[in-house]
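Chemist: The chain contents come next:
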Amino acid sequence: MELGFLLGSLVKIIAIIAYLYGLMWLLARPSIWIKIAGLVGAFGIVQLALTDINGFRLLNNFDSGLLFQASAMTMVALGLNLIYGFNGQFSLGQWGFYGIGAYAAADITYRWINGDARGLLVLGLGALIGTLTLLGINKWLQRFRGIPVLSSFTLYLIGALITGAAAVYLGNQLNPLLTPLLGSVAEPGPLNSPVAQQVIYFLAVILAGIFAAQISFLFGLPVLTLGSDYFGIATLGFTIVVNTLMINSDTILPFPEMKGGRGMIGIPKLTTWFSAFFFMMAVIIIMRNLVHSSTGRSIVAVREDEIAAKAMGIDVAGAKLMSFVVGSFFAGIGGAVYAHYIGFLSPGTFNFLAGFNPLIIVVFGGLGSMTGTIAASFGWIFFLEGMLRVLLSQMGTEAPTWRFVLYPITLLLLMLIRPQGLFGSIEWGFLKGPEFITAPRQQPEPAHKSAI
Amino acid sequence: MLLEVHNLNVYYGAIHALQGISFHVEEGEIVTLIGANGAGKSTTLRTISGLLRTRTGYIRYKGRDITNTPAQEIVKMGISHVPEGRKIFAPLTVRENLLMGAYTRNDPNEIQRTMERVFASFPRLKERINQLGGTLSGGEQQMLAMGRGLMSRPTLLLLDEPSMGLSPILVEEIFRIIQEINQQGTSILLVEQNAHMALSIAHRAYVLETGRIVLSGTAKEVAENPMVKAAYLGV
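The listed protein sequences derive, respectively, from chains A and B. All the letters of the first sequence, read from the start, carry residue numbers 0 to 451 under numbering that gives the first Met the number 0. All the letters of the second sequence, read from the start, carry residue numbers 0 to 234 under numbering that gives the first Met the number 0.
Bear in mind the hints are in silico, worked out from the structure with no lab data behind them. C-beta atoms are modelled at their ideal positions from N, C-alpha and C, and glycine is treated no differently. Each hint should be verified, as a subset may be incorrect.
Straight-line Cα separation of at most 25 Å, DSS-like style, residue types lysine-lysine; simulated pairs [said to hold, decoys possible]:
(1) A/K431 - B/K125
(2) B/K75 - B/K61
(3) A/K268 - A/K258
(4) A/K138 - B/K75
A few chain A residues facing chain B, derived, Cβ under 7 Å [claimed, not checked]:
(5) E303
(6) K309
(7) M311
(8) D314
Full structure from sequences and hints, please.
Modeler: Spelled out as structure tokens, the structure:
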């Protein structure tokens, strides 16, 4: 049994890596139809493997659980790779934003199915008015030169607090209009049909991402001015603060439905493979296009040399803030997808020690390699949770804990053998970016040949 | 007057690095600041390009006050800074490095045209277009840094120690190209330790000593000054 399981797990990991490679290869084809066909096909294959045909399923519940966890982890880790790998800001705050996204989205859908639209209204209005306010303040501040960061931060904070209060007030006012349509859990109203719930779920995921991004903007503004090590410590503090707030969400925060340290139960399990795949691919495509744009080059330039980047006319603080906000947006989306897959959120999941997981994945896959991060996310979940945990559990009840000894050893060996990470700077197909960048490097120009 | 600097006082914490520096650059000139290590030459350039702030005085560019303007605005106005020690982006290709120099510009055709002009000045960069910046030799890196500085189409180019760590032949080549760039209409403010080379191509020169300007004049006058001869030219 163990041998069969071992082989099966290895085959699965290899199949997934091959699957990802094939998908990236198809997406790199010039024709838009092949790209679309590739996406639909990739979605379809897994969907088929997850469907029950005559009592046979290629991927059982356990495997599909791993798949969803891995896709959520991919989004979080890609966000962290943008912040740490591409922009060079050592951040331990990613897990906090992941938790914020998970709780925010779960709160929206939980309240919705229980006949309360305030979650969606408040966060939706907050995303709309809040973003407009922050952008407005930003536009206004550009008129002045040389404003100290803390002064502009104070203005942003005041703006955010006022819009937050406005969003809560408006949400409470508008709520009675919607509640009759929602019904209750026992008698679902017209806005609680399965299709409507999926729409709300998609909105909730995006709003959770925006909420995490807004928080990261306010947090990042003063903190990103710190040097890299101090920034790491500050973001670690952020993760711990978020975790503490989660544990006390029913006492010091007005969210009794989150049930504090006991964990939030009854979140509708709305994540399907379609939504997980959709959001994962959206994150991958957005990230790839961002990295290969001139903004992406400016992000890398800031990592390489801040002085030179400044001399090029790059707004260094702006580039750092942007990558931090976008990275947190991805984390928020990942958290939201995770929450609706698992259906239960416990503050223990968002404990700062677990926050090192995305960091390890990014380093393992290779800093600044999107391919590495994606492959490592899937490999990590399937190897550690899927294979080692089951194998070790057959050696005794306490044995699975040994995987926390085995993976640091793996990491140690990798760092000794391949310090640049599993993939270094290798990118697969689509992730390589547009043609002129992929053109073979160091190829002599014809003009040069004739000159000789 | 293209650039006018008046009474700059710049501090690094408690250290008074620039103690009331005033000078100017006319359109089409090569002006050089020479001086020993720690005289404040690089600090001056960094203050002009917005990397450092001054406590007193003003910087005027084309008659407009640009004191303490953020660096990205300064680049848009047409001042380009080629920092000391080249500071090229090692994991980016030569082409990507040059594109970074045009970060503040938007029209891709115009950028392409500027890149062709840079390649005309530095043919060696064209040969290495897809090579990673970090794999270039020291001289090529200096050329890349200067080419990158030209990509924003500056009216005023600030060059910080372009001869640093280069062989004498390469130094000659770099200085020849600096003159060429100047003849094409770009004014240049050059900071150098290699006083001899700098004075040979500059129109005017200022000598800095521990944060003060101690001597100024045409390059010829400065080169013939006995104090400069003894201290910097080793004659």
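Chemist: Could you run down the list of hints and mark each one as holding or not?
Modeler: Hints, verified against the model:
Under the criterion of a C-alpha separation no larger than 25 Å, the hint pairing A/K431 with B/K125 is consistent with the structure, at around 23 Å. For the proposed pair B/K75 and B/K61, the alpha carbon gap of about 13 Å is at most 25 Å, so the pair holds. About 18 Å separates the Cα atoms of A/K268 and A/K258, which keeps this hinted pair within 25 Å; it holds. Taking the CA atoms of A/K138 and B/K75, the gap is near 18 Å; set against the 25 Å cutoff, the hint holds.
Given the 7 Å rule on beta carbons, the hint for A/E303 holds: about 5 Å separates it from the nearest Cβ of chain B. Of the supplied interface hints, the one on A/K309 holds, with its beta-carbon coming within about 4 Å of a beta-carbon of chain B, less than 7 Å. With 7 Å as the threshold, the beta carbon of A/M311 comes within range of chain B, its nearest partner Cβ sitting at about 5 Å, so the hint holds. With its C-beta approaching chain B no nearer than about 5 Å, A/D314 sits inside the 7 Å limit, and its interface hint holds.
Of the numbered hints stated above, none is contradicted by the structure.
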